[in-house]
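Undergrad: Sequence:
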Amino acid sequence: MPKSIARRKTKKAVAKRFKITASGKIKRGHASMRHLLSSRSSKRKRQLGKSGSVHKTDMARIKENLPFH
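Taking the working numbering, I'd label the letters of the sequence shown as residues 98 to 166.
Quick caveat, the hints were computed from the structure, so don't treat them as lab data.
In the SDA-like style, the derived pairs of lysine to any residue whose C-alpha atoms are separated by at most 20 Å in a straight line are: (1) 113 - 149; (2) 113 - 165; (3) 147 - 111; (4) 160 - 150; (5) 153 - 126; (6) 160 - 115; (7) 147 - 128; (8) 147 - 131; (9) 147 - 115; (10) 108 - 121; (11) 113 - 160; (12) 147 - 133; (13) 116 - 153; (14) 116 - 156; (15) 122 - 160; (16) 113 - 125; (17) 106 - 166; (18) 116 - 154; (19) 153 - 112; (20) 113 - 159; (21) 122 - 165; (22) 147 - 129.
Cβ-Cβ distance ranges computed for the label pairs, FRET-style: (23) 137 - 160: 28 to 34 Å; (24) 132 - 108: 23 to 29 Å; (25) 155 - 106: 19 to 25 Å.
Source: prediction; values computed, not measured. Yeah, the Cβ is synthetic: ideal placement off N, Cα and C, and Gly gets one too.
Could you build the full structure based on these sequences and the hints that come with them?
TA: Take a look at the structure:
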């Protein structure tokens with residue numbers, strides 16, 4: 098039997114938190130939307146609901162954990 102090539106596994110925790118766009122950028126969600134929402138303004142909650150993008154210094158680390166995306 099030929100030996101199989103070693104491949105990296107996708108880190109499922111990373112796959113659940115980040116999505117890679119067609120242009121190669123990485124989308125992420127915002128924190129602070131689980132509980133204690135009554136203390137936040139409607140504007141703040143609305144802005145936190147939208148997706149954000151990952152900073153360029155973190156992109157290589159995240160893409161390393163998503164080898165098949």
